[in-house]
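Spelled out from the first residue to the last, the chains are:
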Amino acid sequence: MVTGHGPIKRLVRVWLPVGFFLVLALFPFYWMAITSLKPNSELYNRRIMPLVVHNPTLKHYIDLLTETSFLVWTWNTMLVAVVSTAISLVLGVMLAYPLARMRFAGAGLIAMTVAAIYLVPQPLLFIPLADLINRLDLGNTLTAVILTYPTMLVPFCAWLLLGYFKTVPMELEEAARIDGASRLQTMRRIFLPLCIPGFISAGIFAFTLSQNEFLYALIFLTRSAVRTVPVGVIAELIRGDVFYWGQLMAGALLGSIPVAIIYSFFVEHYVAGLTSGSVKG
Amino acid sequence: MSLRSEPLAGVVRPAPRAVSLSVWLDRQSVFSWLMMTPPLLFLAALVGYPFCYGILLSLQDRPVAHIGTFVGLKNFVTDFKDAIFWRVTLNTFVYTAIATVLKMVGGLAMALAMNQHFPMKNLVRALLLLPFIVPTVLSTVAWMWILDPAFSVFNWLLVALGVPKPGPSWLGNPILAMLSIIVINTWRGLPFYGITLLAGLQTVPPELYEAATIDGAGGWQRFRYVTLPLLQPIILIVTLFSVIFTFADFQLVYVLTHGGPQNATQLFATYAFDIAMGAGQLGLGASVALAMLPALALLIIALTIYLRRG
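Chains as they are written, first to last, in the numbering used here: chain Z, 153 to 433; chain G, 38 to 347.
It should be emphasised that the hints constitute simulated quantities derived from the structure, not laboratory data.
Quantities reported herein were computed from a predicted structural model and do not represent experimental measurements.
One or more hints might be untrue.
Coverage of chain G stretches by chain Z, computed from C-beta distances (three or more under 8 Å per stretch; other residues unrestricted) [as the list claims (entries may be wrong)]: (1) 63-69; (2) 80-91; (3) 228-240; (4) 286-295; (5) 305-313; (6) 323-329.
For every residue, glycine included, the Cβ atom is placed at its ideal position computed from N, Cα and C.
Excised from the complex, chain G in its bound form:
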């Protein structure tokens, strides 16, 4: 042993400075911070800075391609006096609430249906996830054609079934348009709930069901007192996730209705887009986008804490 280590120590001893540098670099904190610096700088530059700059913009009168002037909270006052802004707020909450409930209930039903034995289950699962995989804009284009005022397949079916009145203009009627974006958002988000909850269901130990059955529990009671309590943490996380991204939805509405008719489907994101990119009022647009922040911040903080605790 000593024979091997002595010459090594004598011959290949590097300069003391290099040794201390490499030792220093190998310290956990030094290594970690050096490694994390590039991604953290990147995120600071392209998330942190724009976020703060957005707050600054919301306090300015800032037409596009002009220099902004500080106006304090004037943009927010404008928002609060704007009837459309309140319509947008209502729309966003209605859209988020109904779509979330539909996705939660439908997703649970999908998970329960999929948690049975049947042939080609993996293929079925892969196909069910397709709406979630395919780019939203492209599937929304298909829905747009399905709901076309003149050539809607639903209206053709209504006629074929003998309904005497002409079918409705799905995207031309304020209530039907809202219903349409809710249904399409649900269609797209359902598999996310379904497949995630299915993974949760598969972790429920079968013994629990057996024990419940021995205790005389029926199908509904097994679901209510065994399945639901065990799924509750997953349901909560999936729901928080989906609420955040439904609340801030843009693509679907922009493509399908542009917020119309008469702002009936306008959401925060599309309204902010119209003001900032359409009318060129960056400051006012930023204030509309930031109006999402209180609700989003609550959700994000809740989910961050929850994810960390898990």
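Bound-form chain Z, shown alone:
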């Protein structure tokens, strides 16, 4: 709300705080990037000024892509994220549509339950789930994480979509009903096509959450061929006390890029989801 002040006041009130938050937010990524480009001789020499790269090299990236299963992990991460996001959107719609549009006994209770499940953090469930996955003989399969990620994503998508659905006017559906369409037809042909922005918001969020997931992947996936990026990076680029810092940073950077790209395309949807999902369901 600053208007018409002098340049110095503007510097103090706008650019100083904004600049501070920007540097704080971005410094670790800058550090990641320059570390990944430094040769080991520069990385492990305390005499060299570390804030810039003196002799950039792609060696760590080449090693990462040729000596580790990083590409496999990336493929696994993408596959798991896409499939569990899709499952979660479908199941989320099946919960959210009746809750948003129908009157029936128990609706309030179901809505509360969905919200409560959404808030149950994974550490409360991982031990029994680990045992369950073992008994189902699903250890070291991507199915294990594809099944368990939606436990956090379905309530989340349902909650976010419920909020979105309530903002969509009902007139078109009422008109379709008067024309004789069944409830299922009304939902599929009339209502859902109107909700694309809501699906994008929920989808981006679910995708980001899947990419971020670590605990279930750590427990269920112990073979390199089935690992996701976060688990692979932690488990295979840190061996005992040996840290492959260059490769670690290259992996962290490459692993962040897919999320960052998708996020940059849909940043407005992401922010809309962030604010509507938490501020009001």
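Go by the hints and put chain G onto chain Z.
What follows is chain G alone, placed relative to chain Z:
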């Protein structure tokens, strides 16, 4: 009118049974429950059942790959006699409390800074959210290198600034390690507060500020008596959210310190993990995880009720 409806009624009348089925299916309650059954079954199988099974496990002596034996509350008694358990409890509360206050105050400052007119605001907002978007494990790896005992950039800066003593081992000292995980958690969670509160700030009608200014309110008074009261509901919800997930945090600590040094940064989730997955004591591990439940249940119930009321 009658010309159109009569032949229809006479010719295409489907079998009465089909009519009643489709009418039945179109009843709001039937349609709703049929539609919700698959997701509800899914959640019952993979959230409800594990939750109850976890309670059962916590009452068993259950080494991994063995059959459990019922031991009543023995695991919880073990926890209560375990000094590390109490250390973990203290750590978790300290971590959650300090990180939450830092995120709340910092997030409010970020929102206020962002709620001004300046060029490339959308780009800045997108960049500020990056710590929240990027997978935690991957950004934590960067922090690990920033805090490396031998090659920490902070320690290099200290030397460059002429500090004579060698820089501290950030993750080797119990207090500094706790401070480090608090700062990194804050770094990651700050944009969530900042951007959500910014959205809240943008809904404050400018007339309120104008009216307050006419009444002689200064900048601080406008903030204290106009902005804060209007933001209060959003601050409450965002804080409850973040407290739940900070309290149950796992990734950051597991990657950065593994709970060390000497359990100085061990939280409920990482301790439960060590006992269940490291030592293979599923029952005891489940009891440590369930020790989070009373505090979490209060928070979850409060937030659920609040969300519904809103």
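Checklist entry - Given as covered by chain Z, does the stretch 323-329 of chain G meet the bar of three residues or more with CB within less than 8 Å? => result holds (count 4)
Checklist entry - Within the stretch 286-295 of chain G, is the number of residues with a Cβ closer than 8 Å to a Cβ of chain Z three or more? => result Three-residue rule met by the stretch 286-295 of chain G, so holds; n is 4.
Item to check | Annotated coverage of the stretch 228-240 of chain G by chain Z, confirmed only when three residues or more have a Cβ within 8 Å | outcome: Per the Cβ count (7), the hint holds.
Checklist entry - Can the stretch 63-69 of chain G be counted as covered by chain Z under the rule of three residues or more with Cβ-Cβ separation shorter than 8 Å? => result Since three or more residues must qualify, the claim that chain Z covers the stretch 63-69 of chain G holds, with 5 doing so at under 8 Å.
Checklist entry - Taking a Cβ-to-Cβ distance below 8 Å as contact, does the stretch 80-91 of chain G have at least three residues touching chain Z? => result holds (count 8)
Checklist entry - Do at least three Cβ atoms from the stretch 305-313 of chain G come closer than 8 Å to Cβ atoms of chain Z? => result holds (count 5)
Taken one by one, the earlier hints all hold for this structure without exception.
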